[in-house]
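Chains as they are written, first to last, in my numbering: chain S, 112 to 407; chain L, 2 to 344; chain U, 765 to 1095.
Wrong hints could be hidden among the right ones.
Here are the computed distance ranges between Cβ atoms for each label pair [stated by the list, open to error]:
#	chain 1	residue 1	chain 2	residue 2	range
1	L	Val19	U	Met869	50 to 60 Å
2	L	Gly277	U	His1026	26 to 36 Å
3	U	Gly1037	L	Arg241	31 to 41 Å
4	L	Arg276	U	Arg965	54 to 64 Å
5	L	Ser70	U	Glu896	44 to 54 Å
6	S	Ala241	L	Gly328	16 to 26 Å
7	S	Pro372	U	Pro867	52 to 62 Å
8	U	Met869	L	Pro337	32 to 42 Å
9	L	Arg241	S	Arg134	18 to 28 Å
Calculated from the structure, these hints are not laboratory results.
Each residue gets a CB set at the ideal place from its N, CA and C atoms; glycine is no exception.
This is what each chain is made of:
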Amino acid sequence: MSLTTPVPSVHAPRSAKRSARWRVLRKALRTPSGIVGLTVAIGMVALGLLAPVIAPYPAEATDFGALLQPPSAAHLLGTDELGRDQFSRVLYGIGASVQIGLLSVLIAAIVGVPLGLVAGYFRRLDSVIARLLDVMLAFPNLILAVGLAAILGASAMNATIALAVGAVPGFARIIRGEVFRLRGLDFVSSAVAAGAGDGRVMFGHILPNASSALLVQITVSIPHAVLGEAALSFLGLGIRPPAPSLGTMLSNAQPFLQTAPWMAIFPGLVIIAITLAFNLFGDALRDALDPKGRRR
Amino acid sequence: MAEQQNGDAPVLVLRDLVKHYQVPGGTVRSVDGVDLVIGRGEIVGLVGESGSGKSTIGKMAVALISPSSGSVELDGVDLAALPKRRVRAMRKRFNIVFQDPGSSINPRTTVGDAISEPLRIHRIVPRRRIDERVAELLEQVGLRPDTAARYPHELSGGQRQRVSLARALAAGPELLVADEPTSALDVSVQASVLNLVADLQQNLGFACLFISHDLSAIEYLADRIAVMYLGRIVEVADRRDLFERPMHPYTDVLLQAAPVADPVEQRGRERVVLRGEIPSPMNPPSGCSFHPRCPLATEVCRTTEPALRTVQRADGRTAQVACHLVGDDGVRAALPAESVPVG
Amino acid sequence: MNVLEVADLGVTFATEDGPVVAVDRLDYEVREGEILAIVGESGCGKSVGVLSLLGLQPGNSTVSGRVSYRGEDLLTVSESRLRGLRGRDIAYIFQDPMTALNPLMTVGTQVAETLRKHLGMSKAAARERVVELLELVGIPAARERLGVYPHQLSGGMRQRVMIAMAIACDPKLLIADEPTTALDVTVQAGIIETLKELRDRLGMAIVIITHDMGVVADIADRVVVMYAGKAIESAPVVELFAHPTHPYTRGLLQAVPQRGQHATAHRLKGISGNVPVLRSTAVACSFADRCAFASDACRAVRPEPAPIAGAGHTVACLHPQTEPLLLQKGA
């Protein structure tokens, strides 16, 4: 009996397709922070999406017979100063936060990725784009968003745009860095040598190999956007009352911190949970992708 | 210029090719005036040590980097002077294989996609015949057709080099540049890749610029060999002449330095161990750039840069050498018999 | 007299895909003042085999067997004893000197530190000794080089600094792991000459690990050929090249083009297939699947090293090949 097995070669099973990416995910999920992060993040997104189904009360329904009630069987997380069910409002708030968070990150990626690709690929444009990004990065993200939201006016759409603008440089920089790294590799030269045009090289060869870094950037940008949305709404620059939002709920809770602390505690905890979950998962993903961080 | 034996126009002519890089603190003279001709169906070996500029020449020959000056003429057309679009259209006529099998194939594409990319770009075969052609190419490089569905990371280093060869040859080029294609492989695998390059060249008849630091690989494959030192070609000769009667002192030293896999012969060999190491290409020595390390250097070597000139040997064959100490008959005084002490 | 005796050495890695045996019951000895070459391809366990001698193997591995350094079993001594031996009695040099040298410390300080740590020399005495050492390993203008940083030196000079550090405490055994692989041939020739001279002058034993048969022919007194973690053939260098007997050894020699061989008249013989990954210690010949001479017996019995004709020549093969190898010369 031979106890030797051949090195995986041509005869390796076909299931290895796309295995590189799955291996990274599996590796990320083997860490506690990865599995906890992803579970909580998915749970939060699900809660937000299912708010209309799960919520026991409409988000904006007031009940003047039950003002500032502490948590009870009827109102799991209590009620606010207008008698609105906090549990329902938190659920809808999660939905709004996640929606704005995801959408703004998506917009930032759609703008930032081509910008980074072009900056990294065409050296001549690089100095222009890089300076532009530096200027944008010089403003703290939140201040930029606050300024933009103030100019555009308070609305969910404008908050999304404001947060997206702030997140663009992050995406552009990550992708630009990836282009620099990948452009030096032989397979990119090989594509050029095969006759591939700039578009094919950028989108067919460089971008797919930058997708892992892009995924990490998306994952770590979401909590920023969620926090940003909460902050904008808290300042009255985001979702307009009476529509529910975690930020406006916190803002509403301010006068009642002593008398009805549940009004602040639960939205606050949820914001922390969403942020932490995406950050944990993003970190786990980043560690799994880093070949140097490979643990033996 | 080397003469073409068979009247055919050469495939590639490099004329006074220069590549300088501006870096903080000066200019790196990576390639500093190189002339080289590759005939149709000929394998020219380009040998040199690290930093000699041989890879830079390979990349310029396939228009991956543009020269600072000079010309790269493929079938008489100067690639360096053509607009990018025109060069791209010509790329089916020349291609390159790189050293590192780990990074030379896009990890996100299947082997089939990697090999068919040149076919699709240049519309070599109709779309419906692509799979068929990929299978043929795979068989040509000794891989099973079902390898097309695999990803590079599922293959061994030797298999990946075979895929790279199939891809480079897919569009049927007249010229293949092979940049150290075996250097990253184990010796037992190197042998099969060297055999494969020889077979493919024999069957397909492309011309090849085979770049390597490995003298044994160069000798095995090349018809003619060019030796580089510090961005210049110092000697070009037929394979046998170069190994049997090296003209340039550097060629001589290089041949002596490579150990022979035979302890009795190896220990009986005379060997000149060079002083110092390759000077920086940022600051090449005056005159002949080899003179500070050359055991034979004279005053003229320190002051005057020798040109690459054609010499005619006693047997009638011609060769080229850039050395003041080599006569027009290709003969030079022997290196001092005693080895120069290190340092 | 043997400086080092390695018996039944095993190194097993725990990996995500299960155990991998990198060194599989390896036996060899190093005599005083001898240059022993361990030759093999990547993945044959030659590096791990020597790293494990002084407990330098990667953390996810377990080591078994006996490693006797002048009568002392290195696999059972304390970590502090190992630290005392490392660098002082047994020194290593590696393929890439850049990773082994501290980039922020001058060459002089780095070599002197070894001397001061192991030999307790004074600063001034260490400095003088460093100059001697650098001269000994062939660094020109040694005194002026004391203040330079590793990145200011060429690859060959860095490797010489590594050698100077390694021989600083006059070790009995120098282990050189592919010391010339990253270097150009003209530089390699100089390093090999230096190593030979050091052996002659200082009388230390040297174990050199390489994949290059040319380097082996140049420097070695004796050779151990490794395959899949085992010593499959060992012999004095002239004997081994004159009568290579194991099919793998013969394959390695035939795979490299010889002087005078050209593709038009000669076909190289590669070795098909890959080095197997061992999941547990082999119970059959690990080379059988790649071997043209393999029989059923090769797949059923593990061949043990056995002496054959020729002084000091052993081979682990059921079908030793005695036909002379036809390596064309000259023509």
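| Given a hinted range of 44 to 54 Å, is it respected by the beta-carbon distance of Ser70 (chain L) and Glu896 (chain U)? | Check passed, 49 Å falls within 44 to 54 Å.
| At the C-beta level, are Pro372 (chain S) and Pro867 (chain U) separated by a distance inside 52 to 62 Å? | Taking Cβ atoms as reference, Pro372 (chain S) and Pro867 (chain U) lie about 56 Å apart, which means the hint holds.
| task | For Met869 (chain U) and Pro337 (chain L), compare the CB-CB distance with the range 32 to 42 Å and indicate the outcome. | result | For Pro337 (chain L) against Met869 (chain U), whose Cβ atoms are near 39 Å apart, the range 32 to 42 Å holds.
| request: Return holds or violated for the Cβ distance of Arg276 (chain L) and Arg965 (chain U) against the range 54 to 64 Å. | output: 21 Å, violated
| Are Val19 (chain L) and Met869 (chain U) spaced within 50 to 60 Å by their CB atoms? | 39 Å, violated
| field | Pairwise beta carbon distance, Arg241 (chain L) to Arg134 (chain S), judged against the given window 18 to 28 Å | value | 51 Å, violated
| said: Range first: 16 to 26 Å. Now tell me if the beta carbons of Ala241 (chain S) and Gly328 (chain L) are that far apart. | reply: 58 Å, violated
| Between Gly1037 (chain U) and Arg241 (chain L), does the beta-carbon spacing fit 31 to 41 Å? | Between Gly1037 (chain U) and Arg241 (chain L), where Cβ atoms are some 34 Å apart, the hint holds.
| Should the hint that Gly277 (chain L) and His1026 (chain U) are 26 to 36 Å apart at their CB atoms be regarded as holding? | 34 Å, holds
The structure does not agree with the numbered hints 1, 4, 6, 9 stated previously, though it agrees with the rest.
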